[in-house]
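> Same order as they appear, the protein sequences are chains A and B.
Letter by letter, the first sequence follows residues 1 to 284 in the numbering used here.
Letter by letter, the second sequence follows residues 1 to 157 in the numbering used here.
Check the hints yourself; a few may be wrong.
Derived pair list, reagent style DSBU-like, types lysine-lysine, alpha-carbon separation capped at 35 Å [as the list claims (entries may be wrong)]:
1) A:23 - B:20
2) A:139 - A:235
3) B:128 - A:267
4) B:118 - B:77
5) B:20 - A:87
6) A:25 - B:142
7) B:129 - A:43
8) A:87 - B:27
9) A:172 - B:88
10) A:12 - B:27
11) B:129 - A:172
12) B:88 - B:142
13) A:280 - B:129
14) A:279 - B:129
15) A:144 - A:280
16) A:283 - B:27
No lab work stands behind these hints, which were simulated from the structure alone.
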Amino acid sequence: MKNFSFVNVENKADALEVLHREKEKSCLVAGATNVMPFIRYEKINDKTLINIRNLQELRFIREEEDKIEIGPLTTIYDLENSEIIEKYAPALREAAQDFADPTTRNSATIGGNIANASPAADTATPLLALNAVVVAESKSGVRKIPIQEFFLGVNKTALQCDELITVIEVPKNAANSNSCFIKLGLRNAMAISVVSVAAGVELAEGKVAHANVALGSVAPTPVRAKTVEAALVGKEFTPGLVEETAKLVTEDISPIDDVRASGEYRKTVAAVLVKRALKKSGKI
Amino acid sequence: MSEINITVTVNGTKINANVKPEMNLLKFLRSQGFYDVKCGCEMGDCGTCTVIFNGSSVKSCITLAAQADGGTVWTNKGLGEVDELTQKLQKAFVEHGSIQCGFCTPGMIIAGKAYIEKGGKPDRNEIKKAISGNLCRCTGYKKIVDAIYDVAEQMSK
Chain A
1 MKNFSFVNVE NKADALEVLH REKEKSCLVA GATNVMPFIR YEKINDKTLI
51 NIRNLQELRF IREEEDKIEI GPLTTIYDLE NSEIIEKYAP ALREAAQDFA
101 DPTTRNSATI GGNIANASPA ADTATPLLAL NAVVVAESKS GVRKIPIQEF
151 FLGVNKTALQ CDELITVIEV PKNAANSNSC FIKLGLRNAM AISVVSVAAG
201 VELAEGKVAH ANVALGSVAP TPVRAKTVEA ALVGKEFTPG LVEETAKLVT
251 EDISPIDDVR ASGEYRKTVA AVLVKRALKK SGKI
Chain B
1 MSEINITVTV NGTKINANVK PEMNLLKFLR SQGFYDVKCG CEMGDCGTCT
51 VIFNGSSVKS CITLAAQADG GTVWTNKGLG EVDELTQKLQ KAFVEHGSIQ
101 CGFCTPGMII AGKAYIEKGG KPDRNEIKKA ISGNLCRCTG YKKIVDAIYD
151 VAEQMSK
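Pulled out of the complex, with its shape left as it was, chain B reads as follows (with noise of 0.2 Å):
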């Protein structure tokens, strides 16, 4: 039962906290401050507390806040502070209208990175499979793979 301690760096600050055993990574990340991050599901069905863990993407209600210790987190809003890409995408999911209220957003950008990051083109279906574990009850999509589709064209021209 008891506490461990943890150090985090989260959006390039290190935070260092007492977190219980089966802590999830998602709400280490909230009581820490970080909203932006979403509890939606918290079983890995709906992708919008997406972060970026040592490099790669994850769901972080799915990850032990205690396996995040050393490790290096960031949000969607702290990436927005640093990441052309993560930028570029936040820009166009405004100017496509990606965004109704605004819950899935935050996981969907970081979805849309990956998908970029790893060579993805513009492509509407490859977009469609790479969002797919990221749902959203308001815009029925389109809107949301428009801006990526958007962003990915930009990006590989």
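Isolated chain A, as found in the complex (with noise of 0.2 Å):
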């Protein structure tokens, strides 16, 4: 039985006012893309709808000294035209270019796509190689969760129900500048990602210094390829070497049978995509 009310909120005080007294029944709204087929498919029927799509002081890009902050309103064609993005995180503008399509990026925002926390998450996989921090407020307080944190499982995520995200940051570095983002879909529009994979290297005299490297759609979660990445630092950095870690991937992810791939064509495809994107990042 559908149960919803609606409440409108116009500024980041009162969202997290009506969080703090709806708790459980929370259920919030920006871009609505998700959670519009959750309505229609009964996924969720008892819910207080907080429509936040309106939070302007949430949609945002800046550049700090160290870091870069996007705010959680922020919408994937924002993404895809902001010129911080494409020089401190490129993996995540290629991500918002190949998201879903054209109409849908107008009202996706990244916070909604990592709260929603769908394995398949197109700008989930690249936050993770970019080592971002999800900083998460409510009436109690602000926290900083790691995004290595921030993934639980399917529709899962760290965040309280109380809890608003209103911050999403990403460290400047070379790895980060340096990233890059592959996805594999069953078409190029409108696809649900089989496999997609983000990765980001820096480089020291030839040597691996730091190598970030992770995966959408092959675990319960985005993974990181903790194997990968321990067997490329401190190492010369040669298309052989990126031939032979890329393989150890299948160490880092454990993919299931569904509509769009087997577990086993998954395995052996993100192995290939790894060894591109390593390439691709490391310019070799």
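Once you've looked at the hints, go ahead and assemble the two chains, each given alone in its own frame, into the complex.
See below:
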């Protein structure tokens, strides 16, 4: 039985107040591109829909000294067209360019994309590789959640029911500025990824100083390819090294069979995409 | 469960109505007689319900009606009466035979308009990307791309 109510909020303070009051009944709605199918398929029935679409104060992309700050209400269209994102987080820009279709990108927001925590969320994979930090706020205070601790499972995050994402921080560093994103879908538009990979490497005198590799759609949450990363660091960055280490990605992932692809196929293709992403990021 | 009262300016006319909290903008528009906004998949995949909401193209089936309170909506039919670019696109769709059953046409025209307004050039690949969220099951897309290309070319001169 559908039992929804609707509250419009005009500013962050109001939003935190309503979240505090409604607790588990809260369902934040911004672009609505995930929430509406959930309502249609009765995945949610008894919620207070809190409209934050007009919270312009949370729609920004700012450059600070050592990081960039992205407001949760930033649309995918904004990400696609930001010079700051292009310069410091190209993986995120490339993910935005592959995201659904241009009309959906006008509505969908980065905050909604990660809060929904789909294993295939297109912005989640790059944010994981970029070592982003999610700033969450509630009436009782502010806390910073490293993105590695943010995704807990399919549609599950570390956010409490009264918390609102207020900023997504991305550190400025060479690995992030070199980052790239590759998505394999069954077609180019409106495709949910079969496998997605984001990678960023920083080289020092030809050797790997830092290597960040993340994958989507290969586990219940987006995952870091820790085995691959460990095998790269400190070594001379050559096509041969990339070829060998990319294969190790099967240690880091646990893909399932679903309507889009088999787990076996995902494992094979993940290694190929990791290889391509590393080569692209390290420019070899 | 209580209904909420919203006021939305649709095609230049203020409309006041009570809606359920979970109603989508598409159902609201059709309930008010704007039948040129088509209901296809109702899950954001097919694009035929695309409208201009507060200046951006959006899929009205995945927008809450209540979110449109105080806002402005333009549909393909309404734009066709006042907007020169939409008129050009509508004319080009007829001339190029881009309409067979016509069900996808309102969304295609708005996607084409959004593309050209953002500075889109006459470039077939870019046009295909611009309409990638709009499905057509009749034409094979070629004639739709032809029509948008034609108008993009006219506008870039």
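> Look at each hint and say if it fits the structure.
Each hint, compared with the structure:
no.	hint	verdict
1	A:23 - B:20	holds (22 Å)
2	A:139 - A:235	violated (47 Å)
3	B:128 - A:267	holds (31 Å)
4	B:118 - B:77	holds (21 Å)
5	B:20 - A:87	violated (44 Å)
6	A:25 - B:142	violated (47 Å)
7	B:129 - A:43	holds (31 Å)
8	A:87 - B:27	violated (42 Å)
9	A:172 - B:88	violated (46 Å)
10	A:12 - B:27	holds (30 Å)
11	B:129 - A:172	holds (31 Å)
12	B:88 - B:142	holds (18 Å)
13	A:280 - B:129	holds (24 Å)
14	A:279 - B:129	holds (27 Å)
15	A:144 - A:280	holds (31 Å)
16	A:283 - B:27	violated (50 Å)
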